[in-house]
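Required output: the full structure, derived from the provided sequences and hints.
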Amino acid sequence: MDVAILVFLSSGLFLGWSLGANDAANVFGTAVGTRMVRFTTAALICSVFVILGAVISGGGAAHTLGKLGAINIMPGAFMVALAAALTVYLMTKASLPVSTTQAIVGAIVGWNLFSESLTDAGTLIILVSTWVICPVLAGVIGAGLYRVVTGGLRVAKLHLLRLDAYTRIGLILAGAFGAYSLGANNIANVMGVFVPVSPFTAFNVGDLFAISSAQQLFLLGGIAIAVGVFTYSKRVMLTVGRDLAPLSPVAAFVVVVSHSIVLFLFASQGLEHLLARAGLPTIPLVPVSSSQAVIGAIIGIGLMKGGRGINYRLLGNIAAGWAATPLIAGVTCFVALFFLQNVFNQQVYRPVAYELSAPVLARAEAQGIDTGRLGDLAGRRFASAARFTDALGEANGLTGDQRDALIRLAEIDRLVIDAATLARLGKGSLTEGQRAAVATLVGQGFDHRWLLDDALERASAEWRARPDTTVNKLFNRALDEQRRALYTLFRVDEVDIEP
Amino acid sequence: MKRTAIFSKTRELEGQIDEFFDKVGDGALSFKLGIGYYLSGDTAAFEEKLKQVNEIESRGDTLRRQIERKLYAQTLIPESRGDVLGLLENMDQILNKCEGPMWQFAIEKPDIPAEFHADYNNLVDSAVAAVEQLVMAARAFFRDAESVSDHMHKVLFYEKEGDKISTRLKMAIFAGDLELARKAQLRNFVEHIDDIADTAEDVADRLAIYAIKRST
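Residue numbers (the working numbering), protein chains in the order written: chain D, 1 to 499; chain L, 1 to 216.
Keep in mind that the hints were calculated from the coordinates and are not lab data.
A few chain D positions that, by computed beta-carbon distances, are all more than 10 Å from chain L:
#, residue
1, V140
2, G433
3, A437
Below, a sample of chain L positions facing chain D; criterion: calculated Cβ distance under 7 Å:
#, residue
4, L13
5, E14
6, T75
7, L76
8, I77
9, P78
10, F142
11, D144
Where a beta carbon is used, it is the ideal one built from N, C-alpha and C, also for glycine.
The following block contains the structure:
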């Protein structure tokens, strides 16, 4: 790995550090602030569980962020993370509530605009709606849990000292769970933008398990968060502990548990799978704001106690943050990308061209799209997604779905399968059958990703996606990741189409 | 196992707090018996009770110091530590107020006319009853803060009874034809005993606030 990669990753590590410095306080702030748990104990538990959460369960939310905008080159990812980190840093300096999640989403949209890529509206809507759902859900869980816990304590009539001892253990366990959930959910913010351009390759640890390239990134990000926890979070924890002083230790425990449950719900692929199997609706896996979950839970408990002493201005500030944070991050990212490109001569995005070539038209026809309507667009090449959609917009009579399908089909991604590159592919990342299928394609080139997908599906059943049901989601997502690894591996930058 | 070690320390401290409250209750009961013996003229039994109250008081002091040191050294119950500390010190005051009059009886050996004996005994009964209810309220504070008020109103009731008896007794003392110096001495002893009930009431008032803080 060369030094440039580390330099580019540094902005993500900075973002991870500031996340550790700020958000660890949501998990252990009251425990340390009220001196129920020693800082060193809290920091150690927090670091270990953040890293575990990031590496083991970090994939789900990162995947969603990747769908919002696939940043396709390292310097671009660097600037997106840096813009988000700067926004978080500046807003924290200005004492405004800020969420890393909202900053990174704004920065990604900024990159999409700069590179004239498309922002997936569906994903964006899911993301934005979870910002509202997350604190509300934390509030509902917090209120319910508080009622159950206080009711139980009333019956149990524990001695004050016994309650104190149990609360300490409860705070440590809840903190560990909270740190795990924080790592699982928020690692996407820190390292998500680097996943599509990951410089790492998957490798095996003995025959036990494989560590994917994304997991290596998450490990690095997790370590950055841990460094943030150890170097800077003590002050924040003491402040949080003081600010939330009216909370009793039991209420603090309920807050941490509710926060952790919410972050876990939005991060757990296992739970998603379980829900899908039981035929229940699944929860989207998205990064949510840890701070807002905490505030939601506190307000939930406050309402349960009769709504006295609730800081409604704080609520207003959060709502303002929903709009302001992504806006600031987006604008910062856009401007900074301009400088990086024109002053520092870095390529901040890999241009993606679109062409309605003969195979695209044939496939479109097969999908029931009337290509006759496309008129003189056929055979023309467009330099960016934005220009292509503009041109499509002029072609009459296409539904939104058809337009999206055409955009997917027409995207040019020149892939050439060669034996030497295939040999570099990590051993554990593909099954034997999958690898053999790729090997049959050596020497062939593809202008569109879906052409490679088709060829692989023809070569082996193991490359075939299962029917698109929620139960199969996990399998298909893993397949997607394997496909993406192939695209990155076999991509050739010259986009000229051979005759 | 560290976990069980944590709980064994907790159990030990819980035990010490319970023992401290036992001592406050024992001190008040020994005081009651001691004054009874004094009034009935059984000097040997009175001396015995004086010694006992003395030992109880110093054991109470030791327990209080140990508990306080543990609470701070192990940073236990950070939210209620100040309140618990205040409660323990005030309860300890009650032990001191039981011990003080016993010594004064031993030193001054007041000659109390027989017609006042019944009311002295009544006064001691209500003061000690107030302390006993306070001990129950204090125990409840640690286990079930909401039931503190059940004992609270009884403390207040016995304190008021004590006030009535002490006023009646002082009026009777000064209405008689004893020397002024003796009247003043007898009044002092009434006030010393009544002071126990007054202190119990003050502690109970504080305890009510601690309990409200705990149950919110």
